[in-house]
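These protein sequence lines are chains A and B, in that order. So in my numbering, spot 250 of the first sequence is number 333, and the numbers just go up one at a time. So in my numbering, spot 144 of the second sequence is number 227, and the numbers just go up one at a time.
Think of the hints as simulated: they come from the structure by calculation, not from any bench. Being a predicted model, the structure only gives us computed values, none of them experimental. Glycine is no exception: its CB is placed at the ideal position from the N, C-alpha and C atoms. Please note that the accuracy of each hint is not assured.
[Said to hold, decoys possible] Listed below are the simulated PhoX-like cross-link pairs for lysine-lysine, each with C-alpha atoms no more than 20 Å apart in a straight line: (1) 85/B with 401/A; (2) 210/A with 257/A; (3) 413/A with 121/B; (4) 109/A with 288/B; (5) 109/A with 401/B; (6) 86/A with 435/B; (7) 109/B with 300/A; (8) 316/B with 134/B; (9) 360/B with 300/B; (10) 317/B with 413/A; (11) 177/A with 207/A; (12) 300/A with 85/A; (13) 189/B with 109/A; (14) 341/B with 396/A; (15) 181/A with 109/B; (16) 316/B with 360/B; (17) 300/A with 181/B.
[To be verified] If the Cβ cut is set under 8 Å, some of the chain A residues that face chain B in the computed set are: (18) 140; (19) 150; (20) 185; (21) 322; (22) 325.
In case you want the letters, here they are:
2 protein chains.
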Amino acid sequence: MKKVFFTVGPSQLYPTVYGHIDEALKENIPSISHRSEKFMDIYQNTTVLVKKVLSIPSSFHVFFTASSLESMERILQNCVYRHSFHLVNGAFSKTFYKFALQLGLKPEKIEAPFGQGFDFDKIKIPKEAELICITHNETSTGVSLPMNKIYQLRSCYPNKLIALDIVSSAPYEKIDFSKIDIAFFSLQKGFGLPAGLGVLIVSDKAVTRASKVADRKSTGSYHSFSSYLEYEKKSQTPETPNVLAVYLLGKVASDMLKKGIKTIREETVEKADHIYKFFDQHNRFRPFIKDKDFRSKTTIVVDVGNKSKQVRKKLQNKGLVVGSGYGDYKDSHIRIANFPAHQLDDIKRLLKQF
Amino acid sequence: MKKVFFTVGPSQLYPTVYGHIDEALKENIPSISHRSEKFMDIYQNTTVLVKKVLSIPSSFHVFFTASSLESMERILQNCVYRHSFHLVNGAFSKTFYKFALQLGLKPEKIEAPFGQGFDFDKIKIPKEAELICITHNETSTGVSLPMNKIYQLRSCYPNKLIALDIVSSAPYEKIDFSKIDIAFFSLQKGFGLPAGLGVLIVSDKAVTRASKVADRKSTGSYHSFSSYLEYEKKSQTPETPNVLAVYLLGKVASDMLKKGIKTIREETVEKADHIYKFFDQHNRFRPFIKDKDFRSKTTIVVDVGNKSKQVRKKLQNKGLVVGSGYGDYKDSHIRIANFPAHQLDDIKRLLKQF
Chain A
84 MKKVFFTVGP SQLYPTVYGH IDEALKENIP SISHRSEKFM DIYQNTTVLV KKVLSIPSSF
144 HVFFTASSLE SMERILQNCV YRHSFHLVNG AFSKTFYKFA LQLGLKPEKI EAPFGQGFDF
204 DKIKIPKEAE LICITHNETS TGVSLPMNKI YQLRSCYPNK LIALDIVSSA PYEKIDFSKI
264 DIAFFSLQKG FGLPAGLGVL IVSDKAVTRA SKVADRKSTG SYHSFSSYLE YEKKSQTPET
324 PNVLAVYLLG KVASDMLKKG IKTIREETVE KADHIYKFFD QHNRFRPFIK DKDFRSKTTI
384 VVDVGNKSKQ VRKKLQNKGL VVGSGYGDYK DSHIRIANFP AHQLDDIKRL LKQF
Chain B
84 MKKVFFTVGP SQLYPTVYGH IDEALKENIP SISHRSEKFM DIYQNTTVLV KKVLSIPSSF
144 HVFFTASSLE SMERILQNCV YRHSFHLVNG AFSKTFYKFA LQLGLKPEKI EAPFGQGFDF
204 DKIKIPKEAE LICITHNETS TGVSLPMNKI YQLRSCYPNK LIALDIVSSA PYEKIDFSKI
264 DIAFFSLQKG FGLPAGLGVL IVSDKAVTRA SKVADRKSTG SYHSFSSYLE YEKKSQTPET
324 PNVLAVYLLG KVASDMLKKG IKTIREETVE KADHIYKFFD QHNRFRPFIK DKDFRSKTTI
384 VVDVGNKSKQ VRKKLQNKGL VVGSGYGDYK DSHIRIANFP AHQLDDIKRL LKQF
């Protein structure tokens with residue numbers, strides 16, 4: 084029986100990945116030197132294609148980290164001398180805030196209850212805040228923040244940097260990068276690849292800020308922004324990276340461009356509408372997020388009233404794997420990923436089980 | 084034509100890796116949750132087998148980093164409040180020292196010329212040094228430090244921690260872990276796996292030291308030793324790790340145990356002797372390391388008198404890939420890896436070309 088993983092990441096592999104891994108092994112990609120021309124070609128190809136898929140302007144840099152948690156740490160280390168500000172409405176936005184504390188910064192936060200968004204008109208950000216940290220799509224709750232509200236923050240606070248966690252919304256969400264400074268995601272969510280590589284997208288403005296921070300304190304070692312920039316000139320990374328993942332990301336980005344990112348986005352909306360419509364009309368289970376403005380298209384959380392374990396077991400027996408709820412909601416929620424790797428037919432097959 | 088990579092890492096894949104990747108894809112390893120029981124089983128299996136291969140006592144912890152450069156950073160962040168001491172005799176030991184500076188520490192060093200070891204009897208380590216950092220096998224020069232000399236340092240300075248870079252000597256070198264506190268390596272060298280995972284081996288004593296350092300300053304966020312320990316209890320990692328690599332490491336460790344680590348070590352010596360003997364008698368090319376006590380068994384550097392490019396090109400045409408020299412020696416050296424993935428027959432085929 085063909086298994087389908089609707090888990091919110093790691094998740095179903097993008098259908099072309101298997102072929103690309105085969106090809107990579109035939110081409111000896113895992114054996115090539117990370118200082119070779121062959122690697123530099125791969126690096127260039129991947130960064131160019133990722134920029135194309137996400138419409139990232141040329142004034143942005145693409146750095147490779149090992150995970151999105153690493154991206155959070157590097158952003159705080161490099162872009163904040165003392166004060167960060169965090170929009171906290173779930174586990175991952177809270178982690179970003181907690182990291183700032185652990186790194187000895189003085190973060191402040193505004194907090195929304197689990198499963199809710201923010202009243203953006205009421206957000207007041209302190210003068211000393213250098214960086215605003217926002218989780219666009221909270222994988223723990225299924226809340227997605229409207230991009231126009233985030234852009235509104237930018238207009239109100241044009242001198243502060245904005246770092247956007249797009250871990251589980253990329254590549255679905257079309258982002259106007261002229262209105263943010265930093266974004267990051269990792270491969271095991273929307274790109275449908277094995278885990279083990281993070282992508283950190285950084286504006287020239289953020290790079291300049293980082294160099295000023297570096298004048299006043301340590302910004303780390305091999306993964307300081309200045310170290311990344313030094314190696315970027317050579318189309319290389321400071322360390323031996325996950326070469327295979329850099330290669331595969333380029334291949335999948337290319338496949339997505341061939342299919343058309345517009346098509347992928349339209350299909351994502353279609354599939355999400357299908358799922359929400361189904362559970363809005365279900366007699367027992369309901370979408371956890373009530374406010375439709377905040378409903379994520381990519382990570383859909385369903386309240387199954389303490390039946391999470393049974394539901395997941397039943398689905399598992401049919402080869403359909405969904406996620407449990409997060410933290411306190413482990414037993415009362417299921418989480419369904421709706422990434423580009425997920426086909427409408429698979430979603431129909433999933434919904435038939437309810 | 085079958086290519087063989089004698090590069091010093093990334094290098095030739097261990098022969099069983101292809102089959103294990105196939106199996107991993109069939110088992111959906113890249114899609115499983117890093118919080119699932121299936122992952123916890125993989126984590127346990129891999130850490131247990133790595134400990135077996137390297138004879139690591141139970142009082143040590145196995146943490147996963149993304150690279151050996153990350154391991155260096157985390158060691159310094161967690162185990163040093165202010166003073167580290169470094170034995171510098173090549174590019175990677177120098178990097179370790181440089182990271183300490185970049186992290187705002189006050190490192191001191193003793194330096195040996197490129198291609199030489201140390202006169203251990205003359206090493207005097209300052210009282211305030213908290214950690215002694217040693218690169219067992221300098222991949223840049225082909226110098227390997229005798230373990231008994233390192234143990235001798237331990238006897239002279241029993242209260243200081245010793246961190247040992249075994250990046251290109253594991254699993255060949257048999258280490259007495261009761262005489263060091265920390266060791267680290269990454270997958271793309273002796274274990275013959277794709278790059279993208281580092282292994283950081285840490286004693287209880289180092290963990291205790293880290294908790295004292297953490298009382299006085301920030302030791303990082305998700306990859307602080309305390310964070311690692313919290314997740315280790317659950318057989319998990321703080322972040323979504325390179326799950327596929329954790330799986331593959333366990334598989335290759337198991338294969339090595341089946342073959343017998345003693346056999347692997349004997350074969351390594353046999354192959355190394357073959358290479359050194361050949362070049363000791365060669366009419367034009369000579370082993371770069373003259374002092375036989377310091378000659379690495381795993382990364383063998385040959386002085387080819389400015390012919391590096393031509394030699395490498397000629398070999399490349401026969402499907403044999405060796406490394407260039409490091410840094411200033413790029414054009415005058417070649418570097419030949421002698422890892423468990425390299426077969427004696429391949430080495431004979433290589434030497435025939437000279």
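> Taken at face value, is the distance from the CA of residue 257/A to the CA of residue 210/A at most 20 Å?
Replying inline: With a Cα-Cα distance of about 29 Å, the restraint between residue 210/A and residue 257/A is violated, given a limit of 20 Å.
> Is the hinted pair residue 316/B and residue 134/B satisfied, with a Cα-Cα distance of at most 20 Å?
Replying inline: 17 Å, holds
> When you check the alpha-carbon spacing of residue 316/B and residue 360/B, does it fall within 20 Å?
Replying inline: 49 Å, violated
> CA of residue 413/A to CA of residue 121/B, is that 20 Å or under?
Replying inline: 18 Å, holds
> Is it true that the CA of residue 109/A sits at most 20 Å from the CA of residue 401/B?
Replying inline: Distance ~17 Å between residue 109/A and residue 401/B Cα, so the pair holds.
> Holds or violated: is the Cβ of residue 322/A closer than 8 Å to a Cβ in chain B?
Replying inline: 4 Å, holds
> Between residue 360/B and residue 300/B, is the straight-line Cα distance small enough, at 20 Å or below?
Replying inline: 52 Å, violated
> Hey, residue 177/A versus residue 207/A, does the alpha-carbon distance stay inside 20 Å?
Replying inline: 18 Å, holds
>> Need the status of pair residue 300/A, residue 181/B: alpha-carbon distance at most 20 Å?
In response: OK: residue 300/A and residue 181/B at ~16 Å, within 20 Å.
>> Hinted pair, alpha-carbon criterion (20 Å max): residue 109/B, residue 300/A. Please report holds or violated.
In response: This hinted pair is violated, its Cα atoms lying about 48 Å apart.
>> What's the verdict on residue 109/A and residue 288/B, does the C-alpha distance respect the 20 Å limit or exceed it?
In response: Violated. Residue 109/A to residue 288/B sits at ~45 Å, over the 20 Å cutoff.
> Are residue 317/B and residue 413/A close enough, with their CA atoms no more than 20 Å apart?
Replying inline: 17 Å, holds
Hints 1, 2, 4, 6, 7, 9, 12, 13, 14, 15, 16 and 18, counting from the list given before, are not met by this structure.
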